[in-house]
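Could you build the full structure based on these sequences and the hints that come with them?
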Amino acid sequence: MFRAPLSLCVIACAAITFAPLASKAQDEPKTPPAEQPVTNVAPVLTMETVDEEQTTAEKINGKVNSIFEPGVELAAMVLMRPVYRSNQKYVQLDHVVHYTRPIDDGESAFTIFTPDFAEKPANFPETLTLKEADTWQARGKLLSGNSKQPFSPGKLSGKSVEVVAIRVDTKTKYVQQTEADGTIVYKLAGDIRGLLSKDEADWKTPAQVAEMADRHLLKLNADAGKDAKDSYILTEPIGKAPLVVVWLAGGALFFTLFFGFVNFWGFRHAIEVVGGAYDDPDEPGEVTHFQALASALSATVGLGNIAGVTIAMTTGGPGAFFWMMICGFMGMASKFGECTLGQMYREVKPDGTILGGPMQYLLRGFEEIGLKPVGVVFSVVFAVLCIMASFGGGNMFQSNQSANAAVQLIQGAKQDQISELGLQIKAAEAAEEWETLGELQQQKTVLQTEVTQFAQTFKMAFGVVFAILVALVIIGGIKRIAAVSSKIVPVMCISYVLMCIYVILVHITEVPALFQSVFAEAFTPKAALGGIIGVAIIGIQRAAFSNEAGVGSAAIAHSAAKTDQPVREGLVALLGPFIDTIVVCSMTAMVILITNAWNNKEWIVDQGLEGAALTSQAFEKEVGWFSYVLSIAILLFAYSTIISWSYYGERCWERLFGAESTMVYKVIYVGFVFIGAVANLGAVIDFSDMMLLSMAFPNIVGVVLLAPKVKRALHEYWQKYKSGEFKKYK
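Just so we're aligned, residue 65 is where the sequence shown starts under the working numbering, counting upward by one.
I should point out that these hints are in silico values taken from the structure, not numbers from a laboratory. These numbers come from a predicted model, not from an experiment. One or more of the hints may lead you astray.
[Claimed, not checked] Here are the simulated PhoX-like pairs of lysine-lysine, each with C-alpha atoms no more than 20 angstroms apart in a straight line:
1. Lys-478 x Lys-490
2. Lys-237 x Lys-665
3. Lys-626 x Lys-794
4. Lys-685 x Lys-665
5. Lys-205 x Lys-237
6. Lys-283 x Lys-153
7. Lys-262 x Lys-153
8. Lys-195 x Lys-205
9. Lys-508 x Lys-195
10. Lys-413 x Lys-626
11. Lys-490 x Lys-195
12. Lys-478 x Lys-205
13. Lys-283 x Lys-268
14. Lys-235 x Lys-665
15. Lys-283 x Lys-205
16. Lys-195 x Lys-237
Okay, here's the thing in structure tokens:
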């Protein structure tokens with residue numbers, strides 16, 4: 065058995081984690097922050113950034129995130145590098161009105177600032193009192209200021225001033241299009257999915273756009289400079305296919321074809337096996353076929369099913385649902401290949417425990433085909449990446465979302481009050497009742513402060529309890545993890561599916577039309593954009609835990625199953641993407657379609673809901689208490705994911721550092737459960753996600769090179785199965 069020296073593994077971990085930071089530091093020397101211009105067209109007026117006072121925890125979070133951010137950027141440059149990309153040109157409004165007054169002159173009004181080259185804004189008064197500025201802040205219209213004051217310090221022609229910046233319009237966007245006759249027009253982009261208006265009244269000619277630029281109403285290309293010709297015409301990528309998406313999708317397609325659509329004709333036998341028909345208690349292994357599948361599913365069924373599918377559909381519309389099914393179907397073949405290899409090359413230790421997964425078949429399988437040095441490197445790299453992924457996306461992210469869900473359960477009434485106050489504030493603004501608006505905003509601020517203070521205290525206690533619950537399970541190893549998972553997974557999946565089925569049955573007459581819209585929009589350019597970006601990027605980057613086909617993590621769980629037939633466990637494994645993506649994600653998709661959540665402007669644009677929050681709103685629309693059940697489901701999903709990922713990370717830790725050190729990993733892992741509950745380490749979790757995606761590169765290379773062995777084993781197994789050579793136990 066290969067075991068990397070401890071010093072070598074530590075150096076490898078440190079190099080992979082911190083090398084990007086060193087190179088980034090060399091390439092981009094640090095410079096002191098400069099004063100930022102309020103707009104691109106008013107160089108004589110500058111504003112200084114006002115940092116609000118941070119707590120000690122916030123300062124620590126910021127410092128830790130700053131360490132990992134360069135690594136995230138570098139990893140994203142590789143993983144998200146577009147293999148194919150098309151661009152579109154557009155212009156975007158950047159209309160801001162500024163008021164200034166001398167600094168430390170707390171009693172005087174603010175005077176409107178109009179540069180010589182800009183026209184005076186219509187419908188804006190010459191002066192603005194501090195109370196009126198507070199009103200603009202309550203309406204959410206200010207670019208400057210913080211929670212304590214509506215203005216920021218700045219400089220006007222070298223003199224210190226206080227500045228109020230009112231956002232008139234910084235969102236409206238016009239996309240350049242060429243008509244059939246060659247005419248160039250700029251079409252208004254909608255708030256949802258950027259759909260272009262078909263009403264010619266919403267279009268602009270190039271001359272009208274140039275006139276808007278002359279009035280200094282458009283955002284400028286910062287790289288081009290304000291004096292560059294047409295610097296107001298911006299460019300953005302559309303329809304891009306990131307490298308990691310192409311890699312995973314290409315692998316899934318290859319395995320589907322190479323194994324002769326085993327994901328289709330092997331399905332029935334897989335159901336037989338997972339039902340226990342071939343469970344021999346005397347065969348080597350630690351868990352049954354069903355328990356192995358439950359353990360793998362507990363790591364994948366979770367927030368990706370609730371949040372990822374919703375984001376995909378708000379991005380691409382109903383057509384994204386179709387592409388999700390295709391991705392799920394092909395992913396079944398990837399899971400079959402890697403989990404069969406996990407069984408073929410696993411190590412059964414003297415105490416009966418199992419060590420298996422990509423770090424095993426990359427090492428031993430490559431040695432068989434004469435690529436031992438490559439296998440050693442790939443095995444170590446995969447193990448390091450998996451350990452890092454287990455700490456972030458498999459642990460801290462889940463713990464953080466669980467804590468938030470628990471707060472939502474307890475503070476739901478107050479959060480409903482905050483939402484209601486938000487609606488009242490908008491009504492007061494529409495009626496121009498400024499005094500009422502200010503009072504409502506004050507009430508909202510008080511409630512938000514109460515909720516925030518409660519959350520900070522509660523999350524500390526929650527983190528301790530949650531960490532203890534995780535520790536009680538993971539200390540017992542895969543047997544205890546499988547025992548817990550085999551109970552939690554069926555309950556949470558069935559409960560969630562029943563909730564969805566209820567909504568579907570209530571609206572059963574609408575279902576045929578919805579399915580028609582799914583297929584009608586699946587092949588339109590906009591739907592394809594949503595399907596690829598929403599399902600592949602979001603579904604692989606954030607909700608990669610919804611499938612994990614091609615990443616290799618599930619092979620670690622399935623390698624522990626009791627069997628002497630590797631192909632049999634591979635067939636069980638292909639049920640994972642089916643249950644996760646084709647069943648559970650489909651249920652979410654149908655609810656989102658039925659409730660029209662994917663196209664609800666009030667929820668998406670006005671309230672800013674997305675992901676799990678939007679899914680919860682969709683359920684609440686049908687039955688009020690469903691949202692509370694969903695919060696409990698999130699807790700269970702996250703808990704099961706954490707305990708399963710602990711096993712993945714532990715097996716990789718053992719591959720690097722030996723079995724005697726696995727308790728060190730478990731202690732560290734439990735500590736991260738607590739940290740995830742109380743901290744918001746966004747960059748750390750993003751870095752961990754990148755490590756998860758990176759696992760696909762060595763894994764898919766390994767499965768492709770070893771696929772002929774899997775295919776031969778599949779052929780031999782199927783012949784024996786058809787001839788009735790395998791004994792049944794049920």
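Hint check results:
Annotation: proposed proximity of Lys-478 to Lys-490 holds, straight-line Cα distance about 19 angstroms (limit 20 angstroms). Simply put, Lys-237 and Lys-665 have alpha-carbon atoms about 17 angstroms apart, close enough for the 20 angstroms limit, and the pair holds. Restraint check for Lys-626 and Lys-794: the C-alpha separation of about 16 angstroms stays at or below 20 angstroms, so the hint holds. For the proposed pair Lys-685 and Lys-665, the alpha carbon gap of about 15 angstroms is at most 20 angstroms, so the pair holds.
With a CA separation close to 18 angstroms, the supplied pair Lys-205 and Lys-237 stays within the 20 angstroms bound. Distance hint between Lys-283 and Lys-153 is fulfilled; the C-alpha atoms sit about 13 angstroms from each other, no more than 20 angstroms. Distance hint between Lys-262 and Lys-153 is fulfilled; the C-alpha atoms sit about 18 angstroms from each other, no more than 20 angstroms. For the hint linking Lys-195 to Lys-205, the alpha-carbon distance of about 14 angstroms falls within 20 angstroms, and the restraint holds.
At most 20 angstroms may separate the alpha-carbon atoms for a hinted pair to count; Lys-508 and Lys-195 meet this at roughly 18 angstroms. About 14 angstroms separates the Cα atoms of Lys-413 and Lys-626, which keeps this hinted pair within 20 angstroms; it holds. For the hint pairing Lys-490 with Lys-195, the CA-to-CA distance comes to about 18 angstroms; that is within 20 angstroms, so the pair holds. For a cut-off of 20 angstroms, the pair hint linking Lys-478 to Lys-205 is broken: about 25 angstroms separates their Cα positions.
At most 20 angstroms may separate the alpha-carbon atoms for a hinted pair to count; Lys-283 and Lys-268 meet this at roughly 16 angstroms. At most 20 angstroms may separate the alpha-carbon atoms for a hinted pair to count; Lys-235 and Lys-665 meet this at roughly 15 angstroms. Taken as a hint, the Lys-283 and Lys-205 pair is honoured in the structure, with Cα atoms around 18 angstroms apart against an allowance of 20 angstroms. Distance hint between Lys-195 and Lys-237 is unfulfilled; the C-alpha atoms sit about 32 angstroms from each other, more than 20 angstroms.
Against the hints set out earlier in the document, violations occur for numbers 12 and 16.
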